Amino acid sequence: MWAQLSTHLQYWFIAILLLLGLYGILNKQNLMKKLMAMNIMQVAVIIFFLTLGQKAGGTPPVLIKGVEGAEAYVNPLPHALMLTAVVVSLSTTGVALALLVRIYRHYGDLEEPDVLRRLGK
Amino acid sequence: MPDFVLDYRPLWAVLITLVAAGLILVTGRWPNLREAVTGAAALGKFAIVVSMLPAVLSGQVLETVPLNLVSGLTLHLRVDPFGLLFALVASGLWMVTSMYSVGYMRTLGYGHQTGYFASFAVCLSATMGIAFAANLITFVIFYEILTIATYPLVIHMRTPEAISGGRKYLAYTLIAGQFLVVAVIWTHLIAPGAGFQPGGFLAGKASAAVLQVLFFFFIVGTGVKAAIMPLHGWLPTAMVAPTPVSALLHAVAVVKAGAFGVIRVVGYVYGPQLLGDIGLGTVLAWLAGFTIIVASVLALAEGNLKRRLAFSTVGQLSYVVLGGALGHPVALLGGIFHIVAHAFMKITLFFCAGAIYATTHKEKVSEMDGLGRQMPVTMGAFTLGSIGIVGGPLIVGFVSKWHLLVGAAKGGQEVFILVLAASALLTTGYFFPVVYRAYFGQPEEGGRVREAVPFLLIPLGVTALLSVVLGVFSNIGLNFFQLATMAATSIVSGGVGPAGGIQ
Amino acid sequence: MTEHTPALIVLVPLVSALLLPILALVSKVLARGWTLVALLGTHAGSVSTLIYVLANGRWHYYLGGWAPPWGIEYVLDPLGAGMATLVSFLALLVAFYSGPYLKDAAPLKTGSFYALFLLVTAGLLGMVVTGDVFNLFVFLEISALATYGLVAMGGHRATVAAFRYLIVGTIGATFYLLGIGYLYAVTGTLNMADLAERIMPLLNSQAVVVAVALILAGFGIKMALFPLHGWLPDTYAYAPAPVTTFISAVMGKVAIYVLYRVFYFILGGTGPVLPALTVLGWAGAVGILAGSLMAIAQRDFWRMLAYSSIAQMGYIAVGLSLGNMMGITGALLHILNHAVVKGGLFMVAGGVFWRTGIRDIPSFIQMSRRMPMSMAVFVAAALSMIGIPPTVGFFSKWYLVLASIEASAWPFVIVIVVSSLLNAVYFFRIIENSYLRFRTAEEDEVAVGGTELPATMLVPMVVLGVAVFMLGVLSGEVVTNIISFALPWGTQ
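Chains as they are written, first to last, in the numbering used here: chain A, 1 to 121; chain B, 122 to 624; chain C, 625 to 1116.
It should be emphasised that the hints constitute simulated quantities derived from the structure, not laboratory data. Any given hint might turn out to be false.
Claimed, not checked - Pairwise CB distance ranges, derived in the manner of DEER restraints:
no., chain 1, residue 1, chain 2, residue 2, range
1, C, P1078, B, L421, 53 to 63 Å
2, A, M36, C, A831, 43 to 53 Å
3, C, E1101, A, Q10, 50 to 60 Å
4, A, M36, C, A1079, 40 to 50 Å
Stated by the list, open to error - Computed cross-link-like contacts, SDA-like style, restricted to lysine to any residue with a CA-CA straight-line distance of at most 25 Å:
no., chain 1, residue 1, chain 2, residue 2
5, B, K326, C, A1031
6, A, K55, C, L826
7, C, K652, C, L1082
Remember, it's a predicted structure, so these values are computed and weren't measured experimentally. Idealized CB from N, CA, C, for every residue including glycine.
Work out the full structure, taking the sequences as your base and the hints as a guide.
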């Protein structure tokens, strides 16, 4: 049990973070909070990927003289991938914020029930 | 072995009216030109169909090259005696109906005539496709096209009554279409290709239970158009359509496509032998007998002339089904020949009803008093048609009914003789009052002769005359009797049989 | 140049998109012309690629010359190239169609519309040509982000719909990303071909099971698989007509293409994929019925079509889930069918709304008089939805029923058959209204005249209307010459 936790604890945290994000999206009524929850969810996945590339005692993947072999370095690929994912996440947030501004200007409010009520009219 | 010959005439017979439908839509602004297109297409189609007659009579089977549509299943047209029989009747009567349509639509000044004639042309294409289908998928494709192409004709009047009639029609036929599609696909899985074969091809391909369920699907699929009870509900409501539609489609093309389908399934998919083995021939026969009696009783109660004719159609169609179900060759011959016989007689009756309506705006039986003196030709034709439907000798209906009776007797199913006799009595019961009122009732406004216009009168005169001619010389002209004989022989003997009588 | 066609298919719309806002400031006509030329080029490229791969087999293209598994690889097989052809063809038609819509728009709005439109196209094309699962995620997000922007162009209601779509869509994409994270964790590769090889011994590991579940959930959302369809009706109903047309015609199709690609080509259609397919099939079957029933309940024409889309995606899901040759053939043919048909239907809906402002069904009275060509296209498309021969809808339904009977999946047979009839109910309601009902005299005064649409809108519609019949008659050719090569057990 403890051995399991010591090697897998970070995954549990990631799972909690992910579910927290999902919970926020489903449960919060404020559209801005929904967006923040969505970001939390994305961050959870990003950390998940980064954790995959991590290894104990690994050094950043910049070639150091005298240190040969892949074992000594952290896997750079997940980092590269997540760089892209961060950009994607950022753009999504940007688009979402732009939409929120427009929603706020028109409805004067970001509470979902209010917005939906006025949407029907 | 029959002689298979490559020939594209069946394809042309289907396509000519499709092209005509396009031309009709284009020439819609010039009614005379439009009607000329209809007339030319009708003549052309009939000429193409007739031109295939000698080859078929000599025992050849004409085929087109199959067009691959769906994995293993192909669009394939083939002219065998049974298909040619149906095609001859439909295309021949379409010529007459086209003439009648022009007179009827113009006398009553109906709108949407371009759509009307175009839909009519598409219906005829679909009917040819059904007649010449060589396998089940070709059949089902044209069957569905016919369903949709008839819809604009049913709702032609655009009245709320017509719209609800159209809904009912679609509900019945589309649901049936789904059953048929499932049945065809299933058959295709059991026996790949599913090409029609005289005497059937399903024997031994699946367990009796599967074949029974499959047969149920087939009968629902084809039985709705053939108006087998209790699947007949759409037909009387569809009588809101203009009379030429009722005449050709609801007495010849559409409902006969259903009856034709039943015979195709019985004779060319299952075969009488297999049907008897799995115990369904008798069931189907009882269903047909039930329909014959009940429809005739319902016709008695119907006051509207066209609806009375519709119920009569429901009953008469089941004669065809009965012929197929009894399984005896002579009964089969009678059933198949009844497709011809009923077509000529019923179209005459509908023409008369339409002529009466167009001329006097009367459509109830109770209003027909004294019409026999006002419209002697029309009522004369009506009387001939009625006697024919009852089964009076020297009219074409007698020929088919006689063979059905003989077939029932020879097949040892004497109970159906009673059914046929009872039906004849009931038929007299619902036609006699019309004729009686027409000749012996007192007209409201004197006995002035107000006969229908020639465009209406000539067609109904021609069909009435033909009913009598065919009653006396049943094989004259287009060799209907011989074709029916060849079809029945081939079903029983399991091959496209040679020309010759059935003993 | 020709050896770079796979990259150009994606790059041409992508680069053009970046130029468009500037071009539009110079001249709206120039922007429109540029868009059409770019899409025409893309389509020509897709078609030539399709012809090439049908003749010569799979085409591997290494982006930047880096060989996989280190570099990103574009793989064009008949499936990918066929999807690219479909997507680029509809993009071209919709871009052509959207001209009158933007006649009065400001130059910048026109420019951004076309730019976003090209971005969506580029993203979708990238998804179908890429041979790398992470690259696929990036293209997914490119198309999705551009779509959110396009949807929001439909006004303030559309903005709310776009935001909700964004949240839900991002959840879907995140699930997918997490799913490929698990696949990467067990195999250490992201290249599809490499992945397919390495995953075989690991198929039943828990990580793969989780990955399959996450990918199914992710793309289930994207394709609006029942019950993950909640975002769809509002989005379709409020977005501008060209946008709705395009996303309804191809976006869901590309999503289900990804599921097909991952489940059958990468994971081999076995192991944990089987329960996932079962879920997919039943969700699809329930979706068919629920979508059709909801469509009947709608008064708004656009919403009706939106719910009908949910039902139609169910057909494709059912076909894929059956897993036999006929089922997948039917699913692929139905992708084609539904793209053409729903594209045409939304073009008609959009055209009617644009011309008359009408979108609720009872107001369609006598529409056939006012817009005869548009309504004729509507009838053609409706017949295909119901599955009447000789339209292509009949043949896709045929394959699906055939596959269901072959697999003894009787519930699916019943669902497909019943749904055809439900389709008939809601489509004939409109046909009755527009062809058969007459207005009363007073209604007649209220009704604006309204005549047929301009040719720029009519031509794409009619092309799709004719395609419904052409594809039906030639469905045998399409299946033997293209679709049969796009099956997982393809000849190559």
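Verification of the hints:
C:P1078 and B:L421 have their C-beta atoms about 60 Å apart, which keeps the hinted 53 to 63 Å range intact. Between A:M36 and C:A831, the C-beta spacing of about 30 Å breaks the proposed range 43 to 53 Å. For the pair C:E1101 and A:Q10, the beta carbons lie near 56 Å from each other, so the given range of 50 to 60 Å is met. At roughly 49 Å, the beta-carbon separation of A:M36 and C:A1079 lies within the given 40 to 50 Å, and the hint holds.
Distance hint between B:K326 and C:A1031 is fulfilled; the C-alpha atoms sit about 18 Å from each other, no more than 25 Å. Between A:K55 and C:L826, the direct Cα distance comes to roughly 22 Å. Compliance with the 25 Å bound is thereby established for this hinted pair. Between the alpha carbons of C:K652 and C:L1082 the distance comes to roughly 21 Å, so the proposed pair stays at or under 25 Å and holds.
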